[in-house]
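Trainee: Sequence:
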Amino acid sequence: MKTSRTLTISAILFAAASSGLSAAPARADGERPRSSAQACSDAWHQSEASSSCSLRFVYFFPADFCKLGVDCRAADGGVNPDETQTRLPNVPLLKNCDGRLGFIC
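Numbering (mature numbering (1 follows the signal peptide of the UniProt record, and there is no 0)), first residue to last: -23 to -1, 1 to 82.
These are computed hints drawn from the structure, not numbers from a lab. Since this is a predicted model, take the numbers as computed values, not measurements. Treat the hints with care, as some may be off.
[Unchecked claim] Only pairs whose alpha carbons sit at most 16 Å apart, straight line, appear in this in silico EDC-like list of lysine to aspartate or glutamate:
#, residue 1, residue 2
1, 44, 19
2, 44, 60
3, 72, 25
4, 72, 41
5, 44, 59
6, 72, 60
7, 72, 59
[Stated by the list, open to error] Label-pair restraints from in silico Cβ distances:
#, residue 1, residue 2, range
8, 22, 57, 16 to 22 Å
9, 13, 51, 17 to 23 Å
10, 75, 39, 30 to 36 Å
11, 15, 53, 30 to 36 Å
12, 15, 54, 15 to 21 Å
The beta-carbon is built from N, C-alpha and C at its ideal position, and this holds for glycine as well.
With the hints as extra help, turn the sequences into a complete structure.
Mentor: Here's what the structure looks like:
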């Protein structure tokens, strides 16, 4: 009986995790935070890097992860393609470190 209950609970947890459902905490205004590619894109446009890097693609993954593909201008005038994956709250902190994305140059 215990094994059956453990398997049932495991199946429910697996189904919830694989469905992409996530419990996002409510903000002060009662709204749930946006968890989407648009939220990642908005965060990107707040970053220092967005002024010297062009966004090629942006993907959102549950649990608030963003994957960004960019072309960043280097000091020598060249343009370097780069990709990074980070948590949504970290995206506005990205910098262009001589053609590569980083947090500390």
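Trainee: Does each hint fit the structure? Answer for all of them.
Mentor: Against the structure, the hints:
no.: 1; hint: 44 / 19; result: holds (13 Å)
no.: 2; hint: 44 / 60; result: holds (7 Å)
no.: 3; hint: 72 / 25; result: holds (5 Å)
no.: 4; hint: 72 / 41; result: violated (20 Å)
no.: 5; hint: 44 / 59; result: holds (11 Å)
no.: 6; hint: 72 / 60; result: holds (13 Å)
no.: 7; hint: 72 / 59; result: holds (12 Å)
no.: 8; hint: 22 / 57: 16 to 22 Å; result: holds (20 Å)
no.: 9; hint: 13 / 51: 17 to 23 Å; result: violated (31 Å)
no.: 10; hint: 75 / 39: 30 to 36 Å; result: holds (33 Å)
no.: 11; hint: 15 / 53: 30 to 36 Å; result: holds (34 Å)
no.: 12; hint: 15 / 54: 15 to 21 Å; result: violated (32 Å)
Comparing the model with each earlier hint shows violations of hints 4, 9 and 12; every other hint is respected.
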